[in-house]
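Asker: Protein chains in written order, with the numbering used here: chain A, 1 to 310; chain B, 311 to 620.
I should point out that these hints are in silico values taken from the structure, not numbers from a laboratory. Given the structure is predicted, the values throughout are model-derived calculations rather than measurements. Any given hint could be a false lead.
As the list claims (entries may be wrong) - A few chain A positions that, by computed beta-carbon distances, are all more than 10 Å from chain B: (1) Ile46; (2) His67; (3) Phe72; (4) Ser79; (5) Pro95; (6) Glu107; (7) Lys135; (8) Lys162; (9) Ala176; (10) Asp186; (11) Tyr278.
Stated by the list, open to error - Result set (DSS-like, lysine-lysine): computed pairs, CA atoms no more than 27 Å apart in a straight line: (12) Lys516(B) <-> Lys144(A); (13) Lys406(B) <-> Lys99(A); (14) Lys126(A) <-> Lys52(A); (15) Lys422(B) <-> Lys96(A); (16) Lys112(A) <-> Lys516(B); (17) Lys227(A) <-> Lys125(A); (18) Lys516(B) <-> Lys422(B); (19) Lys454(B) <-> Lys112(A); (20) Lys96(A) <-> Lys516(B); (21) Lys247(A) <-> Lys552(B); (22) Lys612(B) <-> Lys52(A); (23) Lys112(A) <-> Lys552(B).
We treat Cβ as the ideally placed atom computed from N, Cα and C, and that holds for glycine.
Protein chains: 2
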Amino acid sequence: MSSQAFELLILGCSSASPTAERNQTSQLLNIAERHFLIDCGEATQIQLRRFKARFQKIDHIFISHLHGDHFFGLPGYLSSMHLLGRQQELTIYAPKELKQVLDVIHEVSETKLSYPVKWHFTDNKKQELLFEDDKVQVYSFPLKHRIYCTGFLFKEKPYQRKIDKFLLEKHGVSTADIHLLRDGFDVTNDKGEKVLNKAVTLDPPKPRTYAYCSDTIYDETLIQFIKDADLLYHESTFLDDKIDRAKITFHSTAKQAANIAKLSSAKKLLLGHFSARYGNLDQFVVEAKEVFDNCALAIEGKVIQVEHSI
Amino acid sequence: MSSQAFELLILGCSSASPTAERNQTSQLLNIAERHFLIDCGEATQIQLRRFKARFQKIDHIFISHLHGDHFFGLPGYLSSMHLLGRQQELTIYAPKELKQVLDVIHEVSETKLSYPVKWHFTDNKKQELLFEDDKVQVYSFPLKHRIYCTGFLFKEKPYQRKIDKFLLEKHGVSTADIHLLRDGFDVTNDKGEKVLNKAVTLDPPKPRTYAYCSDTIYDETLIQFIKDADLLYHESTFLDDKIDRAKITFHSTAKQAANIAKLSSAKKLLLGHFSARYGNLDQFVVEAKEVFDNCALAIEGKVIQVEHSI
């Protein structure tokens with residue numbers, strides 16, 4: 001339907017403590033060859049190598065909050081890019097205190113990175129446009145966690161309309177008008193007649209969105225920011241048996257994540273940030289499916305192709 | 311020969327950049343059930359889990375220097391011990407700037423560790439006794455690297471002499487004198503005769519030592535601190551083909567490590583801190599063996615039992 005990539009690679013899915021099998025939160029999102037790293041738990045750089053991701057292709061890193069399981073992999077990853085001779089600018093979108101941490105680390109290790117780092121300090125009071133180019137927009141939005149935390153929304157920009165060359169010829173429209181048609185305008189043909197855009201173009205695929213809800217308590221106010229996501233990641237640290245613990249620690253259960261998916265009309269739900277207390281994760285899907293059927297586990301190494309909705 | 315443990319577990323052996331197969335420097339040393347963590351590269355806590363090491367048993371952490379590949383795993387490891395409810399005091403022996411890094415990290419993540427951390431700031435100008443109890447001593451000593459760096463020497467204290475009960479009875483020595491005999495004193499028997507210690511005791515095993523030479527340029531002045539080690543770890547970032555690069559970066563080659571082993575009369579040499587450029591590591595042993603025969607690679611997961619010399 002579309003040749004443009006929209007692909008998510010899971011690098012880690014464990015919460016606060018990693019286990020021998022599960023690393024801490026990190027994801028790599030490729031939209032139209034823009035490579036976005038989302039959170040960067042310890043050993044993210046090792047996971048990137050393990051899954052043969054292209055290390056130096058990442059130009060934008062999004063850090064949701066400053067609990068260690070979401071950023072302890074960043075100093076090592078930045079350092080390895082430096083050692084590999086990176087020259088290209090890197091932009092980090094994060095709470096401002098992260099810069100303070102990295103500055104101290106670079107000071108004590110006497111490191112001057114080989115590439116420029118541009119900072120965009122996030123604001124967790126409101127929704128904010130962090131990144132935009134001709135194909136993609138990235139927004140942040142507030143999440144309710146123990147400390148300052150944001151989610152991220154990754155959106156494709158609307159696609160251009162598709163030209164039907166056969167109909168173009170049939171209606172006597174000049175190819176010089178293709179750009180106007182792609183942008184949705186009506187045109188005039190070689191006989192001076194008005195030709196409606198719809199008569200010679202086809203609807204393009206719907207733009208896709210990925211909503212990333214990092215650590216958060218169950219909070220319906222976040223729905224306004226993530227409505228109709230083609231893919232929704234929502235943390236599910238606990239199962240239903242620990243719903244009280246979820247509340248105290250400002251985390252969510254699988255069923256609560258499913259509820260947010262349902263209420264926000266998500267197309268697909270991805271569960272992650274699993275507490276180390278759970279060995280087998282099947283029950284997360286079982287409990288979520290009671291509320292929302294199209295859900296899966298964010299197991300590390302898994303690649304999710306985000307589909308266009310119809 | 312002795313029931314006292316002296317066992318080294320390799321947790322990581324890569325230099326600056328980790329690879330998919332090799333983590334960064336960290337080792338776990340068990341002497342007589344004192345568990346010492348030596349350096350703490352990224353993902354050390356994951357390696358500890360992977361090799362089923364007893365996470366909370368470690369009460370002493372030694373950090374040689376503040377290049378990230380030797381300490382980026384520390385914040386996560388401290389955090390996981392906290393999350394697991396550790397109460398026991400932990401002592402960190404490290405350059406003083408490490409405290410500054412951890413203080414900032416704990417501040418921004420609003421973390422107050424559940425256990426006390428005691429700091430012992432190392433001094434890389436001279437040899438220094440860092441730790442001592444009834445069985446073990448740990449010293450630091452200066453290393454020549456690009457930044458402030460120390461090595462560590464782990465020493466068993468002398469064993470008590472072994473009592474031969476048959477000879478004790480034969481010479482008419484009272485069992486009340488066993489403590490004196492164990493400490494090497496001569497005693498008087500039940501007839502009032504002097505009994506030489508050697509007549510009723512056996513030589514104990516020789517105390518063992520492990521010398522850890524973290525990042526260092528080839529430097530014969532360090533030999534004075536590590537003489538006669540039963541096990542010597544010496545970094546060998548490069549092979550002989552990169553001897554110039556070793557010099558510029560203040561690292562060593564396998565052959566240089568072997569030379570230090572030979573000149574310091576080490577019993578066994580362990581090579582590690584391999585540059586990520588080398589896939590297969592066999593050549594490190596080949597080149598080291600040209601100078602010093604009893605050598606091995608510090609491959610992760612390897613357990614080395616340190617033997618008593620005769």
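Asker: If a hint holds in the structure, say so; if it doesn't, say that too.
Answerer: Cross-check of the supplied hints:
A cut-off of 10 Å between C-beta atoms contradicts the statement that Ile46(A) is not in contact with chain B; the least separation is 5 Å. The claim that His67(A) lies off the interface is violated: its Cβ sits roughly 6 Å from the closest Cβ of chain B, which falls inside the 10 Å cut-off. Residue placement check: Phe72(A) does not keep its beta carbon more than 10 Å from all beta carbons of chain B (closest about 5 Å). Separation of Ser79(A) from chain B is inadequate, the least Cβ-Cβ distance of about 5 Å not exceeding the 10 Å criterion.
The beta carbon of Pro95(A) is not kept farther than 10 Å from every beta carbon of chain B, the shortest such distance being approximately 8 Å. Taking the minimum C-beta to C-beta distance to chain B, about 8 Å, the non-interface status of Glu107(A) is violated against the 10 Å cut. For Lys135(A), the condition that its CB be more than 10 Å from all CB atoms of chain B holds, with the nearest at approximately 31 Å. Consistency note on Lys162(A): stated as away from chain B, and its beta-carbon is indeed over 10 Å from all of that chain's, at 42 Å minimum.
Look at Ala176(A): its CB is around 52 Å from the nearest CB on chain B, clear of 10 Å, so calling it non-interface holds up. Non-interface status of Asp186(A) relative to chain B is upheld: no Cβ of that chain comes within 10 Å, the nearest being about 55 Å off. Remark: the non-interface label on Tyr278(A) is consistent with the geometry, its nearest Cβ contact in chain B lying 15 Å away (cut-off 10 Å). Under the criterion of a C-alpha separation no larger than 27 Å, the hint pairing Lys516(B) with Lys144(A) is inconsistent with the structure, at around 61 Å.
Using a Cα cut-off of 27 Å, the hinted pair Lys406(B) and Lys99(A) holds, with the two alpha carbons roughly 21 Å apart. For the hint linking Lys126(A) to Lys52(A), the alpha-carbon distance of about 36 Å lies beyond 27 Å, and the restraint is violated. With a C-alpha separation of about 20 Å, the suggested pair Lys422(B) and Lys96(A) falls inside the 27 Å cut-off, and the hint holds. Our distance criterion of 27 Å between C-alpha atoms is broken by Lys112(A) and Lys516(B), whose separation comes to about 47 Å.
A hinted pair counts as satisfied when its Cα atoms are at most 27 Å apart, and Lys227(A) with Lys125(A) qualifies at roughly 19 Å. Distance check on the hinted pair: Lys516(B) and Lys422(B) sit about 44 Å apart at the alpha-carbon level, beyond 27 Å; violated. Distance restraint check for Lys454(B) and Lys112(A): the Cα-Cα separation of roughly 21 Å lies within the 27 Å cut-off, and the hinted pair is therefore satisfied. Restraint check for Lys96(A) and Lys516(B): not satisfied, since their Cα atoms lie roughly 56 Å apart, outside the 27 Å limit.
Taken as a hint, the Lys247(A) and Lys552(B) pair is broken in the structure, with Cα atoms around 56 Å apart against an allowance of 27 Å. Taking the CA atoms of Lys612(B) and Lys52(A), the gap is near 26 Å; set against the 27 Å cutoff, the hint holds. Straight-line distance between C-alpha atoms of Lys112(A) and Lys552(B) comes to about 24 Å, which keeps the hinted pair within the 27 Å bound.
Violated hints, in rising order: 1, 2, 3, 4, 5, 6, 12, 14, 16, 18, 20 and 21; the structure is consistent with all others.
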